[in-house]
Amino acid sequence: MTSTSSIKQVTVVGTGVIGNGWITRFLANGFRVVASDPAPEVEARTRDAVSRAWSSMEKMGLAEGASQDNLFFEPDLEKALAEADFVQENVPEREELKRSVIASIDQFAPKEAVIASSTSGILPSTLQADCAHHPERVIVAHPFNPVYLMPLVELVGGEKTDDAFVEKARQFYESMNMKPLVVRQEIEGHIADRLMEAIWRESLHIVNDGAASTEEIDASIIYGPGLRWALMGPFMTLHMGGGKQGMRHLLEQFGPALKLPWTKLEAPELTDELSEKVITGCEEQTGDVEMEKLEERRDAFLIELQQLLEKYWPGANLSGNV
Numbered sequence: 028m029t030s031t032s033s034i035k036q037v038t039v040v041g042t043g044v045i046g047n048g049w050i051t052r053f054l055a056n057g058f059r060v061v062a063s064d065p066a067p068e069v070e071a072r073t074r075d076a077v078s079r080a081w082s083s084m085e086k087m088g089l090a091e092g093a094s095q096d097n098l099f100f101e102p103d104l105e106k107a108l109a110e111a112d113f114v115q116e117n118v119p120e121r122e123e124l125k126r127s128v129i130a131s132i133d134q135f136a137p138k139e140a141v142i143a144s145s146t147s148g149i150l151p152s153t154l155q156a157d158c159a160h161h162p163e164r165v166i167v168a169h170p171f172n173p174v175y176l177m178p179l180v181e182l183v184g185g186e187k188t189d190d191a192f193v194e195k196a197r198q199f200y201e202s203m204n205m206k207p208l209v210v211r212q213e214i215e216g217h218i219a220d221r222l223m224e225a226i227w228r229e230s231l232h233i234v235n236d237g238a239a240s241t242e243e244i245d246a247s248i249i250y251g252p253g254l255r256w257a258l259m260g261p262f263m264t265l266h267m268g269g270g271k272q273g274m275r276h277l278l279e280q281f282g283p284a285l286k287l288p289w290t291k292l293e294a295p296e297l298t299d300e301l302s303e304k305v306i307t308g309c310e311e312q313t314g315d316v317e318m319e320k321l322e323e324r325r326d327a328f329l330i331e332l333q334q335l336l337e338k339y340w341p342g343a344n345l346s347g348n349v
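Residue numbers (this note's numbering): 28 to 349.
Think of the hints as simulated: they come from the structure by calculation, not from any bench.
Computed from a prediction, not measured in an experiment: that's the story for all the values here.
Think of the CB as a built atom: it goes at the ideal place given N, C-alpha and C, for glycine as much as any other residue.
Heads up, some of the hints might be wrong.
Stated by the list, open to error - Cross-link-like lysine-lysine pairs, in silico, DSS-like; alpha carbons within 27 Å at most:
id, residue 1, residue 2
1, LYS86, LYS138
2, LYS86, LYS187
3, LYS187, LYS206
4, LYS138, LYS106
5, LYS271, LYS286
6, LYS291, LYS86
7, LYS35, LYS286
8, LYS35, LYS86
9, LYS206, LYS338
10, LYS271, LYS338
11, LYS35, LYS106
12, LYS304, LYS320
13, LYS291, LYS304
14, LYS86, LYS271
15, LYS320, LYS86
16, LYS187, LYS138
To be verified - Derived DEER-like restraints, expressed as beta-carbon distance ranges:
id, residue 1, residue 2, range
17, GLU215, ALA257, 21 to 31 Å
18, ALA219, GLU331, 18 to 28 Å
19, GLN134, HIS276, 22 to 32 Å
20, GLU293, ALA109, 41 to 51 Å
21, SER202, LEU335, 18 to 28 Å
22, GLU323, GLU296, 32 to 42 Å
Can you make the complete structure from the sequences, with help from the hints?
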């Protein structure tokens, strides 16, 4: 198998929000990108999305040779894949569609090319089920929005996946200053989305019960656990909450509280009334501010936050930073 240094061209299949985020990240890291999407006027939308995000990439630091001019469009999938060294699939989250598209990618892409799906919940074994040529190179590579700035990407192999392709993908994403997390086994929703989904469900219950507004719930995370989670995550946060004995003391003291019915676990029925509460709450939070302005604010924050995170927690090495 060829090394990641041999990856020169990335073909991106599907150019929605996630696809365009990948395109921006690949371009900023000096790759030639071929985008393929049958939707009308897709090229104009994608080039506009890349252009708007480019200043953020400049702040993060561009790789040698990085240029928006390295983006090309080819609606014919076979032609788009002819010289692909790596393929990133981002079509809509519908199992039948994804399986069909990935089977076509498997048919046309060079056999050494990794086929990585951005799916947030479909298992890789399902995605590779219809591949008649090289299903061993199909993996899940699930990113987080905005893809061009968020470093986490969850990598998951399926029943037929060769670990060598997972490793190749891991090295490739790592070369772009991402934080690839290899998930040890296939689970629905992978890891981070399952954790976010749990908070999302409880948030909907709290709004539905009238206990808090969307803005108040957001504030409870932003000024509470969210500040600590950015550095430590849930386990280290609780470990430190146990004092000198850490998690051992915390579980002894608060473990029984896990049986208390604080959480409702299952999502509430998404009635029209609940939907309207959530929608109205979010619109009241943002007011008349355009989404583009909110994105600029978010991106500037994420850049500075990552710089701060690297200062206090570079990787997982604590010894030299305490």
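Outcome of the hint check:
The suggested pairing of LYS86 with LYS138 is violated, with an alpha-carbon distance near 36 Å, which exceeds 27 Å. Between LYS86 and LYS187 the CA atoms are separated by roughly 40 Å; this puts the pair beyond 27 Å, and the hint is violated. Taking the CA atoms of LYS187 and LYS206, the gap is near 24 Å; set against the 27 Å cutoff, the hint holds. Of the pairs offered as hints, the one joining LYS138 and LYS106 holds, with about 15 Å between alpha carbons and a cut-off of 27 Å not exceeded.
Between LYS271 and LYS286 the CA atoms are separated by roughly 25 Å; this keeps the pair inside 27 Å, and the hint holds. Of the supplied pair hints, the one linking LYS291 and LYS86 is violated, its CA atoms being roughly 42 Å apart against a limit of 27 Å. Restraint check for LYS35 and LYS286: not satisfied, since their Cα atoms lie roughly 53 Å apart, outside the 27 Å limit. Pair hint LYS35 plus LYS86 holds up; C-alpha atoms about 23 Å apart against a cutoff of 27 Å.
Of the pairs offered as hints, the one joining LYS206 and LYS338 holds, with about 16 Å between alpha carbons and a cut-off of 27 Å not exceeded. Between LYS271 and LYS338 the alpha-carbon distance is near 25 Å, which keeps this suggested pair within the 27 Å criterion. Restraint check: the Cα-Cα separation between LYS35 and LYS106 comes to about 16 Å, which is no more than 27 Å; the hinted pair holds. With a C-alpha separation of about 24 Å, the suggested pairing of LYS304 with LYS320 holds against the 27 Å cut-off.
Between LYS291 and LYS304 the alpha-carbon distance is near 19 Å, which keeps this suggested pair within the 27 Å criterion. In summary, the hint linking LYS86 to LYS271 is not supported, as the alpha carbons are separated by about 40 Å, beyond the 27 Å threshold. Taking the CA atoms of LYS320 and LYS86, the gap is about 17 Å. The hint holds against a cut of 27 Å. For the proposed pair LYS187 and LYS138, the alpha carbon gap of about 15 Å is at most 27 Å, so the pair holds.
Between GLU215 and ALA257 the beta carbons are some 26 Å apart, a value that agrees with the proposed interval 21 to 31 Å. Roughly 22 Å separates the CB atoms of ALA219 and GLU331, a value that falls within the hinted 18 to 28 Å. Between GLN134 and HIS276 the beta carbon distance is about 57 Å. The supplied range of 22 to 32 Å is therefore violated. For GLU293 and ALA109, the hinted distance range of 41 to 51 Å is satisfied, since their beta carbons lie about 48 Å from each other.
Under the hint 18 to 28 Å, the C-beta atoms of SER202 and LEU335, about 23 Å apart, fit the expected range. Taking the beta carbon of each, GLU323 and GLU296 are about 36 Å apart, inside 32 to 42 Å as hinted.
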